[in-house]
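K.L.:
Chains as they are written, first to last, in numbering that gives the first Met the number 0: chain A, 0 to 319; chain B, 0 to 319; chain C, 0 to 355; chain D, 0 to 355.
All the given hints hold, so there is nothing to weed out.
So these bits of chain B aren't anywhere near chain D, every CB distance computed over 10 Å:
1) A18
2) H44
3) E185
4) E186
5) Y188
6) R196
7) R218
8) R221
9) A243
10) A246
11) K247
12) M277
13) E306
14) E307
30 Å max Cα-Cα, derived DSS-like pairs, lysine-lysine:
15) A:K280 with B:K247
16) B:K280 with A:K247
17) A:K247 with C:K348
18) A:K280 with B:K280
19) A:K123 with A:K311
20) B:K311 with B:K247
21) B:K280 with A:K311
22) B:K123 with B:K311
23) B:K180 with B:K311
24) B:K247 with D:K348
These aren't lab readings, by the way, just hints derived from the structure by calculation. Positions of the beta carbon are idealized from the N, C-alpha and C atoms, including for glycine.
One letter stands for each residue in the lines below.
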Amino acid sequence: MAVLNLVQAINQGLQQALAEDERVLVFGEDVAANGGVFRVTEGLHAEFGDARVFDTPLAESGIVGLAIGLSAYGLRPVAEIQFLGFTYSAIEQIYTHAARIRARSRGRFSCPMVIRTPYGGGIKAPELHEESSEALFCHMPGIKVVVPSTPSTAKGLLLAAIQDPDPVIYLEPTRLYRLLKEEVAEEPYITPLGQARIAQAGDQLTIVAWGSMLERALRAARNYSAEVIDLLTLSPFDRETLLASVAKTGRLLIVHEAPKTGGLGAELAATVAEEGIMSLKAPILRVTGYDVVPPLPLLEDFNLPSEERIIKAIEELLRY
Amino acid sequence: MAVLNLVQAINQGLQQALAEDERVLVFGEDVAANGGVFRVTEGLHAEFGDARVFDTPLAESGIVGLAIGLSAYGLRPVAEIQFLGFTYSAIEQIYTHAARIRARSRGRFSCPMVIRTPYGGGIKAPELHEESSEALFCHMPGIKVVVPSTPSTAKGLLLAAIQDPDPVIYLEPTRLYRLLKEEVAEEPYITPLGQARIAQAGDQLTIVAWGSMLERALRAARNYSAEVIDLLTLSPFDRETLLASVAKTGRLLIVHEAPKTGGLGAELAATVAEEGIMSLKAPILRVTGYDVVPPLPLLEDFNLPSEERIIKAIEELLRY
Amino acid sequence: MPRETIAHFEIERLEVLTPHGEVDTELLPPLSDKQFLRLYELLQLTRLSDERALSLQREGRLGTFPSSLGQEAAQVGSAFALSHEDWVFPSFRELGVFLSLGYPLARYYRYWTGDERGLLCPPELNIFPINIAVGTHLLHAAGVAMGARYRADPVVAVAYLGDGATSKGDFHEALNMAGIYGLPLVAICQNNQWAISVSRKSQTAAETLAQKALAFGIRGIQVDGNDVLAVYLATSEALAHARSGGGATFIECETYRMSDHTTADDARRYREPAELERWRARDPLLRMRRFLERRGLWDDAEQTALEQSLRQSVDQAVAAAEATAPPVAAEMFHYTCYELSSRQQQQLKECSDGSP
Amino acid sequence: MPRETIAHFEIERLEVLTPHGEVDTELLPPLSDKQFLRLYELLQLTRLSDERALSLQREGRLGTFPSSLGQEAAQVGSAFALSHEDWVFPSFRELGVFLSLGYPLARYYRYWTGDERGLLCPPELNIFPINIAVGTHLLHAAGVAMGARYRADPVVAVAYLGDGATSKGDFHEALNMAGIYGLPLVAICQNNQWAISVSRKSQTAAETLAQKALAFGIRGIQVDGNDVLAVYLATSEALAHARSGGGATFIECETYRMSDHTTADDARRYREPAELERWRARDPLLRMRRFLERRGLWDDAEQTALEQSLRQSVDQAVAAAEATAPPVAAEMFHYTCYELSSRQQQQLKECSDGSP
Ligand SMILES: Cc1ncc(C[n+]2csc(CCOP(=O)(O)OP(=O)(O)O)c2C)c(N)n1
Ligand SMILES: Cc1ncc(C[n+]2csc(CCOP(=O)(O)OP(=O)(O)O)c2C)c(N)n1
Ligand SMILES: [Mg+2]
Ligand SMILES: [Mg+2]
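Just chain A, with the same shape it has in the complex (with noise of 0.2 Å):
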């Protein structure tokens, strides 16, 4: 087993999905000769050509509407696009047609596609390049989310994309990209959606984290008996570890860096407050970015959640 990090698992994921399948074709901007603005892509074109791998023009919109298409007619696209902030003028592919062919057309059509995405902050990168607006699609049924946190989730969660029949957003931590290294088994190999990973086991109290907010979460809870729910797959989240877990600990905090208000954190708390409140032993805390434009590089660690800020949650919950 190699030693990769994010950029070079998802990378060789790709580059499985493409050898293993004629159907699997990956584009978007810059992903061919450039290799991805991250690298992500790199050496793809080089090896399956300009029929499996290729540039688009400047256009979200036309990118998952062309993945639609593809998808529909039995192909596997894999789209890239170059920042989750620019997703926004697709919206209307996704929600409108992406999740809802399989309906729509009673089962005749469906759309098994990927959206790959850099998405979240933490990289001193210029505006609408550090968004986290996860939620937005996770109020959208007939589409999945994902979010590795790992470079071992970012492949089998990518492998399970791919083969998935539905429509999937699969969102790439840029700030893990080159910050996580770890020995990645070579062979393909699947990490199941919608199934959450516990982390950490504890029993004080829960925290749930997704992507980057999860190594942060973790550094946090060291030196706590927190139960550590790594979410891994956003819609439809894993109602059942959550509830388990809650049951078992009696204290919930989730850990995201999206505004606050109608946050993915929201329905996780509103999900306990629902069918696990019983167990409840205080407050159900969310420490998330603010609910403010997210703001350039200088300010934007006063934005995402700090260590400090969880420590300080956690030590609050404790206190119950």
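Please arrange chains B, C and D with the ligands on chain A, whose structure you already have, making use of the hints.
P.N.:
Chains B, C and D with the ligands in isolation, oriented as in the chain A frame:
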């Protein structure tokens, strides 16, 4: 005071805003000669002419983008999107630009604009004509979202939205357009944004609803001592009224048409689970649309929260 | 070196039949008399099925319905040129396309009663679901066209759109991609002069819609959209061009929406009756009938017989549509995704247990 | 009546200076020698400020930066034609536009350190915030143009975009509206042949970008974008046309991005060095300098003096930028909306109390 339905109340509000303030412009698809597909803009083109009330090409991103420029220039655009389901292609303009231009320009430019759009189910209309995706816009700092529930609140919220210094999405519950009639004050008045309304006082449980579901919640609550909160402004929602009511009743039921997962109900529940959990005697329940692609007319009654489903939830809460 | 002209363009218009049914023999497509008769039969079938839909709607037996009255030639003429394996991406007003391709009328009616099962396309056809979000479906056609080319299938993706749809950003993104990738795609625009109450002139300042093709470096042509043979010819040429690797074509069919936008609309609010009258004289059915008469293929007796037999099949379709059992609540869940989440399963149970 | 040509179009290209600085006297814009010198000074200022930005970035004193190297003529020539009251909608690579309009360089640098205050436009200018979402800002220009017309202000809205931006749906929606409403808008496209690694040819199959104007019924013209006088002339004409009620113009400036896309890019991965060399010979600064020399307005000594004085002002701008106190956390909240919600107030308090 004349007895008006919702359409007439909004029409009167638009007429008065146009008459009072020459910065106000009304535009969208079919709003001029045709008076809007629901006749909400009826008569305005004849009274105010092409420069104030005009048709646009079929381009929703364009309509919103145009409004952004007009408002930045100092005008007060009131743009109509024909149905909420067609705002999806305008989300980039809404979220990337309208929501952020004040922040990006450090206050030099701003977007005092209103996007009016019919929303919600129960009218037996084709696909995409009955969407209830308000939660998406409630997760966008910089955007306000309001939903009237009666002719009076419709007029007052509209005039408040037009005067607001920031972009407001004004959602018109189509099921109520001609269903509700009441006396509406003739002169212009404001229903302040950000303030909920107690539609029925009570002390055994709190029910929160908005738009067309308020009418249903009120029917269901008739025989209970339920405090029914008409949220009116969804973003920023009235935290104080919500928390005060739950502090009193100890039970919370939220009703909305949108799919459950990631709906605004989640945020309301999470807020109470975070800031008001100590007064809760029961789980927080949500009666909502299902997590499905919104069905066509023959099935829509199965999806919209019915009086019966709401009563069942009330009874369940009261068992605690 | 001063001002220099660096590019020239021309836009062509194609007409085969005059309003009186006279024909430009040089352009007459090589169809058999049987095929000419079939074209006429499809025009009639479309009109009668449409009329029936409107009366069903008035009686509350159908939901809001968009009539294709006046646009039959553009729909039938183009669909008639397609091959069995082509993929079709309809907008929402293409009754004539569905019927020409053999889609069951009963199923089409079911859709417009508000039943999703009405869009279940029979396996032998490749018709994408009716598209309500105007202009957004051309991208799906581009994707299918690319898929077909990737697999070296002789498939052309054919998308229908209106004049209003040309204003949407997705129209632009799709045809630009079609140009770049040289995709086997044909976009058939029924310029029926109106997008609800917005006139063609208010939709774009471009002199013709056909010239929008120039922005994408693809072929663009205008045809008389009330001339079923011209539409057939232009579509055949575009399909051949696409199949031979030549790339995409944008066809503007100039026609007219003779009815209200839908049954929920009242066109008298925004357009002159005189305009309607002018177009009535160019009725696409009349024109084809005159052509057949001139050719000695048609007379009043045949007309009566045809109408009678078509009305019978329309009756049967209505009966079949109305005999269909209503969908059950579970139907909402079944195709949301391939496998339901645990919450969806819970909801399905709750909803099947209860009543609306 | 067979196939008939119903519309003709031509696309023109404008050049004033040859690469050697020779001039087509008939087209020479009526500028004073002082103005010619000022144009050259702005070209130089742009280049030197850009060079400095790149070196600051390498030293970690500036964030990711998009260089305008090679595009100075397109930026300066167009901005120089604007009037004080015009509104400008930049893309993200318009250093030369900002400088020509008198935007403080220190503030521009601040923005690229990641400080939102760098976009606070001085009250005497009307420059919209730098636009990162490619192609989406043309609509704002359309809105401002419409607002200006509504108020009968003599304002033109001028939007800058790249070749890549022409593929976005919003480009299409904006220019189509500009055509319909006859808006006083000028869209200046710097076709620098690349959108990151995607070449102009891969961006669209249209022969020229200028011809995209035909889709909207507006004026379209191509100019040599490395010829500052041609760009000035074309922009002046477009502005006059707009101000006199003639409507919008789309100007394609053919130029070249001589640097990497941004400091985070490495163009050697995807383009031939030979291409860069070909364009180096057409350097826009050199060309203008030769013109001035031929006119007897310039020599080496003047060049040295100019560079020295400009470097001094760039130094001052860097010093001023770096002397600015960093923003405080509360700055995040201040302009999210006019009034903060109770939750935002709570968050502001929490965040000002704590540390990152
Ligand atoms: C994106 C979108 N915006 C608005 C509507 C509402 N609407 C339905 S049809 C229509 C006009 C369509 O005009 P056109 O494309 O010319 O087609 P036609 O109705 O003439 O067949 C409008 C505005 C819609 N369905 N989709
Ligand atoms: C909507 C959108 N998609 C993608 C990007 C990422 N991106 C930044 S610049 C760029 C290329 C822009 O090309 P062009 O319009 O030609 O401008 P240039 O960089 O050449 O000045 C891309 C793809 C973006 N900023 N916005
Ligand atoms: Mg039309
Ligand atoms: Mg470029």
